[in-house]
Amino acid sequence: GDSVTQMEGPVTLSEEAFLTINCTYTATGYPSLFWYVQYPGEGLQLLLKATKADDKGSNKGFEATYRKETTSFHLEKGSVQVSDSAVYFCALRKAAGNKLTFGGGTRVLVKP
Amino acid sequence: KAGVTQTPRYLIKTRGQQVTLSCSPISGHRSVSWYQQTPGQGLQFLFEYFSETQRNKGNFPGRFSGRQFSNSRSEMNVSTLELGDSALYLCASSLESGGNQPQHFGDGTRLSIL
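Residue numbers (our numbering), protein chains in the order written: chain A, 76 to 187; chain B, 88 to 201.
Don't read these hints as lab results, they were simulated from the structure.
Incorrect hints may appear among the rest.
What the hints assert, rightly or not - Derived lysine-lysine pairs resembling BS3-like cross-links, with alpha carbons at most 27 Å apart:
| no. | chain 1 | residue 1 | chain 2 | residue 2 |
| --- | --- | --- | --- | --- |
| 1 | A | K186 | A | K169 |
| 2 | B | K144 | A | K124 |
| 3 | A | K152 | A | K186 |
| 4 | A | K143 | A | K127 |
| 5 | A | K169 | A | K143 |
| 6 | B | K144 | A | K169 |
| 7 | A | K169 | A | K124 |
| 8 | A | K127 | B | K100 |
| 9 | A | K143 | A | K124 |
Claimed, not checked - Computed, partial: chain B to chain A, Cβ under 8 Å:
| no. | residue |
| --- | --- |
| 10 | S114 |
| 11 | S118 |
| 12 | F156 |
| 13 | N187 |
| 14 | P189 |
| 15 | D194 |
We treat Cβ as the ideally placed atom computed from N, Cα and C, and that holds for glycine.
Chain B extracted, bound-state conformation (with noise of 0.2 Å):
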């Protein structure tokens, strides 16, 4: 069975771009989260999708934001991106939303803003 596959694996953008991200779940698997990774806040929620709908979202500014398909596979897209943005960004799917469900997340996308 497939793990989560999330790509690219690398990328590096400059001040200013839009970048979007991609997550595909484990087949079956309906919830998808994501969370930025960085040295100097550790690992943060940025939000949930559900059946295509957002369950949930973190503290992070508009720039962010996400999407998922009828297939449960989701998207993240930063615009205008900032130095802060740069980090590892990871994605987790499980079967449902909530209850006793672990988690599975992908290796992450590194992304560097130059």
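Bound conformation, chain A alone (with noise of 0.2 Å):
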């Protein structure tokens, strides 16, 4: 069945550092990729998408490109702050429904 491999937290860092969170998925077709964040206490947001191959996804200084070559989607930060701190989660979906498959999480702590 589909899945999503995503690296294993948590991980630290200093303010202004850079950030990758490696995501890698296993599915047939061509699914959708998501990342979504969640702080402490609510539920998660959608930080960005790509549908399809060599789409880049962006917001909020995030980026990640659908890399169908090797089946990833890693998200990446030039510049964090200790208001990434929160934990980060990389999604498939394919085009039927709305089911969303997701990785493990990966929590970021942002140290000032």
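Fit the two chains together into the complex; they arrive one by one in their own frames, and the hints show the way.
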């Protein structure tokens, strides 16, 4: 079946450091790919998405490129802030329906 | 515009009881999906409802059921509660089912089983 694998955390960084969270997927067909972020006590917020190969999603300084050849969708941010501390989830969705398949989540802690 | 509203936010039950969780989607959204989030299993898809019909179902036992009303509000029911049902239950809504419509999540209902 479909699956998403992302690097385990926690990832601890200093403010203004570069962030990369690796995400790879296994799926048939051409899924859409997503990054969601979850802050303490809250639900998930969509951070960015890409719907086809070579698409680049971007939002709030975060970027991720849909790489079909490596089945990857790595999340990057050039300069993190303390407010970026959260849990980040990579997910995929097939064309039919709204079922999201999530990775295990990566906790990021940014220290001042 | 109001977001996805889940009630109650917190719930404590004992083993063997049943529970009903509610989700009010964003106005105009017709698709509602439910997810279970636990530290051990992560985020797992329970089911999706669209126009009062179940579109898709995850790999959960029959104790987990749901329904959607004509106003798109959805309820999820869990019968004969087990300790392992302790989790954060998240609801997500979107305009349509499938396609490129984004899904918007509520803040969840945290269910604790004693």
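For this session: Tell me, in ascending order, the numbers of any earlier hints that this structure violates.
Result: Violated hints (numbers, rising): 1, 8, 10, 12; every other hint is consistent with the structure.
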